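Chains as they are written, first to last, in the working numbering: chain L, 1 to 368; chain H, 1 to 355; chain F, 1 to 307.
In case anyone wonders, no lab produced these hints; they're calculated from the structure.
Given the structure is predicted, the values throughout are model-derived calculations rather than measurements.
Where is the CB? At the ideal position from N, CA and C, for every residue including glycine.
Treat each hint with caution, since some may be false.
Here are the computed lysine to any residue pairs in the SDA-like style, where the Cα-Cα straight-line distance is at most 20 Å [unchecked claim]: (1) H:Lys-226 / F:Asp-129; (2) H:Lys-106 / L:Pro-201; (3) H:Lys-226 / F:Leu-180.
Among the chain L residues that face chain H by a calculated CB cut under 8 Å, a handful are [unchecked claim]: (4) Ser-122; (5) Pro-172; (6) Tyr-175; (7) Phe-288; (8) Asn-300; (9) Gly-303; (10) Ser-320.
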Amino acid sequence: MRLVLEKRAEASGRMAILSPIVAILLTLVTGGIIFALRGLNPFSALYVFFVEPLTTSWSIEQLIVKAAPLAMIGAGLAVSYMANVWNIGAEGQLTAGAILGSAIPVFFPDFQSPLTLVLMLSLGVIGGMAWAAIPAFLKNRFGTNEILTSLMLVYVIQLVLDWLVRGPWRDPKGYNFPKTIAFTDWQLLPQFQLIPPSIGPIYVNLGAIFAVVAVLALAFMMGRTLKGYELRVQGIAPRAGRFSGFSREKTVWFCFLLSGGLAGLAGICEVMSTVGQLQPGISPGYGFTAIIVAFLGRLNPIGALVAAFALAISYLGGESAQVALGISDKTARVFQGILLFYILACDSLILYRLKFIGRTPKLAEVKA
Amino acid sequence: MKKWMALAAALALGASAGAANAADKLKACWVYVGPVGDFGYSYQHDVGRKAVDKALGDKVETVFLENVAEGPDAERAIERLAREGCKIIFTTSFGFMDPTIKVAAKYPDIKFEHATGYKKADNVSIYNARFYEGRYVMGQIAAKMSKTGTAGYIVSFPIPEVVMGINAFMLGAQSVNPDFKVKIVWVNSWYDPGKEADAAKVLLGQGADILVQHTDSTAPLQEAEKAGKLGFGQSSDMIKFAPKAQLTSNTDDWDPYYVARVQAVLDGTWKSDDTWGGMKDGMVVLSPFTNMPDDVKKMAEDSVAKIKSGEFHPFMGPITKQDGTTVGEAGKPLPDGELLGMNYYIKGVDDKLPQ
Amino acid sequence: MNDQLLSVILTIITASTPLLLAAIGELVVERSGVLNLGVEGMMAVGAVSGFGAALLTGNTYVGVLAALVAGALLSLLFGFLTLTMVSNQVATGLALTLLGLGTAGLMGESFVGQPGVHLERLHVPGLSDIPFIGPILFGQDLMVYLSFAIVAGVSYLLFRSKAGLIIRAVGDSHQSAHALGYSVVGVRYLCVMFGGACSGLAGGYLSLAYTPQWVENMTAGRGWIALALVVFSSWLPWRIVVGAYLFGTITVMGFSLQAYGIGIPSQLLSALPYLVTILVLVLISRNRALIRANTPACLGQPFVPDR
């Protein structure tokens, strides 16, 4: 008696929609059992985790704040991974972008004009691209595995950031705390009203808009342009790609610069909005979480957007559960891990069918 | 803990359940930068929270969020607590300073307490503990107990509080032995017992026979014990981990402060304040002196008494900085503002701070 | 001076061993074609289990065993998802890290603040007392010797035994291996569990020998370094030793330099292990043929047998 997976003739459209639902249901059941064991009402616990984050406008605002960088970076990584270019250093590129962009307020604090905004954002993108260029260069020139180089560089740039904010870029009026001066006016991202106050205002900042634009642009690129085709072919059938004349080296550059630039943009947007200055901790691991986002989104930019929201809900739900139910942060993390496991397991049912094979194989019926 | 957890669950089930007694309780909330399982800084704050539970449990319900990273998540975490009905929120890490001010501006009726920061507001208090008082005494003990005249100091990141601690330690040591030396290693991490152990071993190997730390784990003390040397604990009493090596531990005792502040909210007497309490207020407590001869113990106890009574201040002017200049007036302690932003070493410390 | 050097060398050995253990396990996993990014989670679970078991029984060897088993069990979960349910390996591994860290935290709640039982060091009368070499070669604890034994064993297994050939075949071309009649999924399950056991051991080393205690997040990112070291080694076992010890050496030397009082910023010294690892990798990856020959071609690709 074995459990085997059999590849379907074509991806099941039905499962594609059912899979996340089944996954959530399974998580609810498992989660319910865990919560019940710990003496909590399972239904209220699950409500707090999944539904509550969507019930208030504040919560939705926070969801967007959290999901935007994840979606932006995740979409870039999805494109990169699709072409088998393994950029694991998005967290570092994010940091590099934040650093370069912050140079303007640090060195020219009184420079206030719309140009400031544009310059900071551009420098953010350039910073991310520059940091991503290193693993790309090493890969192309020396064949050095980009997984290691991009990962190691994350630690390096984080230490550079630490040194900068504790030393040369420190706010002189900040009692020697490790942070730069606070950004003001044009050095901060503008906010837009998404939904008017009558329904409960929801504001989004420029970063969220960039994220959506980036996702749509990448989706378009991947789905409808030659470039997208080129990238996809290189991922699925590298030899075919070479025969078609697609340069692997150019692809490596393209993917790293694209995903690095997006990560850098996400980084500078973070420091220009919620954080408002440069400090040692500017990202709760967005660059790494974005990797999960990319894969959950099945390496599709739009999928990454959906996955970013799903993950953001799970983070916010976990936080809410800590406050409302008193479960610990560890339980929330376990719950998240289980949710991800179920999603991944159910996802595979889209491409494969589950079958039990009994001891005596049934004779195949001959179809006349 | 079970009691308030059950209460919180009842709250979640819905107000219609008629949970009248739950709704009457004051909600006091805490935000920790690390896990409560770190047995260090965040752990001690949680001990303080539990003290509030014990003392005021019939009128107060406590909630906490742990592992909240400084950065974008912090503001959301604090605001969430504000929205969930917390009436007083303690944000326990200096990196929470700006998020606390931001959220406090939006919720003027909620009281906020920020630890180890410097920004105040009408509804934001700041509080801190004069850890340096304990370090001064530790310096004195170290100078007496050390055979090599060198201590090894393990630190995480150069923030003013840490620098203050090193300076206080050295001032204390120099008061006993003017040629006392300290070797400093920055591990650049708040939670890595392995790295702290490595740093400890390296320092011991270079001749330091007393270990001091401003990091949270018990690893350095354990290394000291293994090597037959001596050391000081940090944040919590670590005697269990190094029964033969711990001289004393510079513990944070937030209990009295937390109970007092929550009580003030209950009584309606809460006012924005700036508390920098030391041994006198019971916020810094040196754990029992062990592994030292009686005369050293007596000296330490005397010092503690003098600090408590206000007779003595570790940073009594004038103080000679590493670059030779002096700071402070003779006979008067350095002003608090000077201490809070301390970014220089005193003379006798061979290390360079980022400028 | 000699004493100082000895103490530094001993510190390096302790710092490098957990990296070595986790990396060699993951090497075997990846050789069979599976990419398990959950090393950090398995290490955490191993650390807490090892600590707990040793604390409860008073016997560190029980702790070592418990760490091993815990890592293997957690990896079984990963195996079920990626091998039987054919889920995406990268995402599953990352989910495993989350799950492992959270579970370890939960399990360890009551262990916080408890001093642990320390794994003893070997003492061979006579040999261990030889000045300098004695403590280095004959004064280590069980796990250090075990780590080298595992590397030697894996090297022999992979390159000189039939089993190793099968593993490599499964990793390089799983369809061919399947066609030859080998159970790809079976081989991979075994390798994944071996990797889990090694990661568990690495975690156990942290809480039993390195710093005998349990605190949350004590793995502090070592799992990720181990993963990078597997790449660094071009999937060759003895290069893992080079990588792990290189990393450990530079980390410890950084502290030594600081303690000496050389005025180099500590952040630069902390960044050195990562920079040097990159540099060395650049130098040793110039032989592209060697790398191509050793990179498991099917790494990370899902396997479902064609019928």
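Flag every earlier hint the structure violates by its number, smallest first. 3, 4, 5, 7, 8, 9
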